[in-house]
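Visitor: Residue-level listing of the chains:
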Amino acid sequence: MNRRDYLLRKIFFSLVTLAVVVVLNFLLFRVLPGDPVRAVIGRNVRISADTQQALREQFGLDRPVFPDQFLTALGQWARGNLGVSWSLRKPVSEVLLAKLGNTLLLIGLGQILSIILGVALGLLAGWKRKTAVDVGALTFSLIAWAIPTFWLGIILLAAGSTWLGLPTGGIVSPSNVGKPLYTVLPDVTHHLILPTLTLTILYMGEYMLIMRSSIMEVLGEDYILTAKAKGMSHWQVLRKHALKNAMLPIVTLIAINLGFTVSGAIYVETVFSYDGLGKMFQTALVKQDYPLLQGAFLLLAVSVILANFLADILYTYLDPRVKAS
Amino acid sequence: MTSTEPLLSLRHLSTEFSTTDGTVARALEDVSFDVHPGQTVGLVGESGCGKTTTLLSIMRLLPVTARITSGQVLFNGKDLLALSETDMRRYRWKELSIVFQGAMNALNPVMTIGEQIREAIILHDLMDKTHANRRVNELLDMVGIAPSRRDQYPHEYSGGMRQRAMIAMALACQPCLLFADEPTTALDVMVQAQILELLQKIQRLLGLAVVLVTHDLGVVAEVCDTVVVMYGGKVAENGPVDEVYNAPQHPYTQRLLEAFPDLNRPAGSLAVIPGTPPRLNALPPGCRFAPRCHKAFERCRVEAPAETDLGGGHTAACHLLEKAEAHQ
Amino acid sequence: MNPRWLLLKRNLLDFWKTFRRNRMGLAGAFLVLTAILAAVFAPLLTPYTPTETMRDAEGRALTFAPPSVHAPLGTDDAGRDVWTQLVYGARISLTVGFLAGFIAMFIGSLFGITAGYFGGWVDNLLMRLTDVLLVIPDLPLILVLVATVRQLELKVSPLVILILVIGLLYWTSTARLIRSQVLTIKERQYVYRARAIGAGNWHIVRKHILPQIMPLIVANTVLILSTAILIESGLAFLGLGDPTQPSWGTMLNFAFDRNAVSNGAWWFYLPPGLAIIWATLGCVLLGNVLEEMLNPRLASHHLEGEQSIVTQP
Ligand SMILES: Nc1ncnc2c1ncn2[C@@H]1O[C@H](COP(=O)(O)OP(=O)(O)O)[C@@H](O)[C@H]1O
Ligand code: SF4
Ligand SMILES: [Mg+2]
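Protein chains in written order, with our numbering: chain A, 1 to 325; chain B, 326 to 653; chain C, 654 to 966.
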């Protein structure tokens with residue numbers, strides 16, 4: 001299969017997934033009983049007249065569900081109009097954009113650290129199979145797998161704030177709120193330590209396991225024996241022949257894992273009151289703010305689909321074979 | 326037969342594997358044979374009789390579950406088994422190189438062919454990059470691959486081309502001994518003939534010594550000077566091809582050659598003797614061939630036969646021959 | 654005695670012998686069994702009920718009381734015994750986990766067998782569906798789904814919603830695993846023979862395919878259980894559980910919401926988490942060992958070390 005066919009296939013798959021997400025989001029939206037506007041107003045009398053009008057217009061409830069309402073919704077989503085948050089009375093897209101940066105910062109840090117540590121440890125564990133390193137790495141990933149993310153967060157929160165004096169939540173100290181980010185960098189770093197640590201532990205186990213089995217599989221291949229027969233040392237074989245082959249599944253994994261990453265962020269941000277998309281998601285859930293929930297779901301799902309597609313493109317540059325499984 | 330000192334001399338080599346169920350598989354026992362400079366030695370025997378294990382023991386590339394329990398591997402008189410791993414690495418590829426069974430997976434899928442060949446040259450500090458690049462082109466040319474294809478990846482090559490590339494790679498450091506482990510299995514018949522022809526051409530051109538592992542008795546007759554017949558991890562018979570083929574002494578060899586009437590027909594198969602080879606972790610006492618041997622008698626089932634020298638570099642391990650020797 | 658029973662018994666004995674040697678598997682079995690026993694015999698393990706408030710001599714509620722002889726794991730913010738909640742919580746956590754796990758296993762096996770056995774467009778469709786589900790972030794999807802279903806104000810327990818949502822979303826890995834196994838079995842001789850003599854699809858699946866994949870399904874189910882228990886705890890922590898029937902996750906939701914951390918009430922937030930780990934770790938250990946036994950991996954690789962050489966020149 002050549003690169004063009006492969007990419008076309010991946011584009012097609014991404015579009016299908018996107019369609020599933022969009023339709024699902026629309027259907028869930030329509031499942032709400034009765035007139036959503038009235039439902040809101042009934043419960044939340046403080047909603048302003050403007051917002052009520054916006055809601056009515058957004059729903060277009062006088063028109064048929066399909067195709068009119070569907071197409072309208074589609075058009076609005078495409079233009080970034082995700083409706084108005086019931087609880088915050090602000091456009092959903094505005095709310096989401098405000099939180100996106102914080103979440104990307106947290107997830108990005110957690111991912112980078114866990115990939116570096118997880119890949120390195122997994123490599124070592126698979127290479128030095130059945131040694132103490134391996135047993136240790138396996139035990140770690142086993143426990144990382146079995147620990148509920150939010151509970152790990154709670155434990156680290158309790159331990160870190162009690163013994164290390166680390167902040168228990170938020171992104172900056174109250175006194176620094178509103179100041180430009182670069183001026184309060186040490187404070188932000190301080191706040192990021194515990195949530196990042198939680199995410200790193202959480203993801204690391206996974207990367208370690210994948211890298212371990214990946215490297216073990218590669219090291220069992222014939223071309224590794226060829227490389228040894230050439231007179232290379234173990235280290236040279238590992239670096240020149242095994243590493244790249246073993247890393248290939250990791251690229252795919254990182255993309256697939258983004259969904260899982262998002263779940264981690266929801267828990268960690270909730271526990272550490274970290275002002276990002278995840279915390280917002282949880283708040284929206286508690287306040288039953290449906291437009292916000294669905295907007296956030298749409299944004300997260302589309303981001304993950306997009307990231308997967310990017311990983312597929314990256315893959316074509318890394319693997320000369322570019323074979324789809 | 327040859328007056329020169331042997332290039333490679335295996336002396337009583339024994340290798341075993343510890344298996345997952347806790348037993349020990351005695352894969353090689355007391356294997357001895359010589360390879361002289363410029364000579365081609367054929368190594369034949371049924372699947373699982375220890376041919377690959379022999380080559381890997383010589384190059385010390387066995388897995389961690391293996392143990393070389395006794396013997397010597399003398400290369401130019403120096404025992405390779407006594408070297409440190411670092412010293413051994415210098416011998417690999419530079420003195421002894423190998424073409425593995427099934428070239429399909431023996432090449433790294435994410436490295437270009439040229440890169441994989443050049444790597445060996447650079448590794449052994451033979452020349453700088455520019456010269457090495459030129460040498461890669463020469464090597465590819467020698468095995469019949471257009472040097473313009475050096476930047477392609479293994480999956481862009483056909484099976485035969487991959488095996489040619491493996492051969493080019495094996496020659497990269499100008500070794501004096503080349504092992505070829507069933508270099509033509511999994512290739513179609515036409516390509517098999519081409520690869521063998523290529524090996525023969527190269528052997529003559531470079532004056533290489535070659536150990537050719539094969540299933541094909543016809544190929545041995547055509548290509549080899551001497552033949553080593555293995556059975557169940559032991560050498561059954563060893564000698565000049567003409568002598569062994571005309572007057573096989575070991576019952577196993579006799580059976581093989583009976584089953585293979587026409588030496589010029591290259592379609593000989595080894596799986597024609599009734600019964601199966603012994604399981605190496607549950608060996609019969611006495612001669613390993615006894616359960617399948619048409620000439621077996623009581624002694625064969627209790628005592629293993631020793632190697633008998635039949636003169637002229639011809640040896641065989643069978644009780645019947647010991648008697649003959651004693652009568653002489 | 655029935656020869657089929659003998660055969661089964663011999664296989665089980667053989668299985669038990671390898672299994673017994675495997676310490677990880679035994680540890681897993683121990684963890685799972687004790688958790689189940691605690692759930693079943695909860696009323697025998699505690700003199701209190703989970704909603705009972707403990708009071709001091711003057712009748713005041715003993716809130717956030719540290720562990721003592723009366724309450725071995727202390728009390729929560731309302732003065733209820735944590736140990737009692739823990740063993741009763743096991744009932745909820747395990748029930749939700751097991752039921753959701755079984756639903757996932759059932760759907761996964763059904764789809765896996767269908768895809769593997771029939772192949773063609775059925776296979777293609779089902780596998781693309783698993784691909785799509787794999788890409789969509791699971792927790793946001795679940796949260797949106799549960800929130801929407803709750804909005805319908807159906808007269809069902811939140812636990813039923815949790816069971817259904819988890820069961821209906823976590824079948825993809827099982828489906829893939831079963832499918833690949835069915836594909837290899839389908840190629841075997843006796844399946845061809847059975848088909849040649851005119852056996853129907855259902856007959857072949859029941860007589861030839863199911864018996865062979867059953868062990869794998871069992872092993873995989875145990876693994877799925879751990880996922881289901883974990884997901885349930887997470888959703889309950891986010892407030893989607895049933896507050897009147899608290900699971901371990903719900904307990905943690907209470908503990909976190911009512912500031913157990915800042916009150917230093919470690920006895921309130923540590924035990925439920927450890928209990929979750931207890932159960933999931935047990936399932937993972939057990940499931941992995943079962944799978945490994947059915948499907949042994951690579952014995953060694955090329956860089957694991959050198960052969961030993963014990964010859965003396
Ligand atoms: N990695 C290994 N582990 C255990 N036993 C092995 C291993 N490799 C080879 N053997 C044993 O050694 C015997 C010889 O194998 P091999 O040298 O590959 O045979 P051949 O190349 O002649 O087909 C086999 O019968 C097998 O039992
Ligand atoms: S020793 Fe006996 S069994 Fe072995 S080959 Fe000779 S005759 Fe046959
Ligand atoms: Mg072999």
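Hints are computed from structural coordinates only; laboratory data are not their basis. It is possible that some hints are incorrect.
Taking lysine-lysine and the DSS-like style, the derived pairs with C-alpha atoms no more than 27 Å apart in a straight line are [stated by the list, open to error]:
hint : chain 1 : residue 1 : chain 2 : residue 2
1    : A       : Lys244    : A       : Lys99
2    : C       : Lys839    : A       : Lys287
3    : B       : Lys454    : A       : Lys244
4    : A       : Lys10     : A       : Lys128
5    : C       : Lys808    : C       : Lys839
6    : A       : Lys130    : A       : Lys287
7    : A       : Lys244    : A       : Lys130
8    : A       : Lys287    : A       : Lys10
9    : A       : Lys240    : B       : Lys454
Away from chain C, derived, C-beta distances all over 12 Å, residues of chain A [unchecked claim]:
hint : residue
10   : Pro148
11   : Lys228
12   : Val251
Built from N, CA and C at the ideal position, the CB exists for glycine as well.
Visitor: Hint check: A:Lys130 vs A:Lys287, CA-CA at most 27 Å. Holds or violated?
Guide: This hinted pair is violated, its Cα atoms lying about 51 Å apart.
Visitor: Are the Cα atoms of B:Lys454 and A:Lys244 separated by 27 Å or less?
Guide: Holds, at about 23 Å.
Visitor: Would you say A:Val251 is clear of chain C, with no C-beta pair closer than or equal to 12 Å?
Guide: Per Cβ check, A:Val251 is outside 12 Å of chain C; nearest 15 Å; holds.
Visitor: Minimum Cβ separation between A:Pro148 and chain C greater than 12 Å?
Guide: 5 Å, violated
Visitor: Do the alpha carbons of C:Lys808 and C:Lys839 lie within 27 Å of each other, as the hint requires?
Guide: 45 Å, violated
Visitor: At 12 Å, judged by beta carbons, does A:Lys228 keep clear of chain C as stated?
Guide: The assertion about A:Lys228 is violated, with a minimum of 6 Å to chain C.
Visitor: For a C-alpha distance cap of 27 Å, please report whether C:Lys839 and A:Lys287 respect it.
Guide: Violated, at roughly 52 Å.
Visitor: Mind checking the alpha carbons of A:Lys244 and A:Lys130 for me, to see if they're no more than 27 Å apart?
Guide: 23 Å, holds
Visitor: Keeping to a limit of 27 Å between CA atoms, is the pair of A:Lys10 and A:Lys128 held or broken?
Guide: Roughly 37 Å between the alpha carbons, so the hint for A:Lys10 and A:Lys128 is violated.
Visitor: Given the hinted pair A:Lys240 and B:Lys454, is their alpha-carbon gap at most 27 Å?
Guide: Cα-Cα ~17 Å, so holds.
Visitor: Hinted pair, alpha-carbon criterion (27 Å max): A:Lys287, A:Lys10. Please report holds or violated.
Guide: 38 Å, violated
Visitor: Take a quick look at whether A:Lys244 and A:Lys99 sit within 27 Å of each other, Cα to Cα.
Guide: Distance ~36 Å between A:Lys244 and A:Lys99 Cα, so the pair is violated.
The structure does not agree with the numbered hints 1, 2, 4, 5, 6, 8, 10 and 11 stated previously, though it agrees with the rest.
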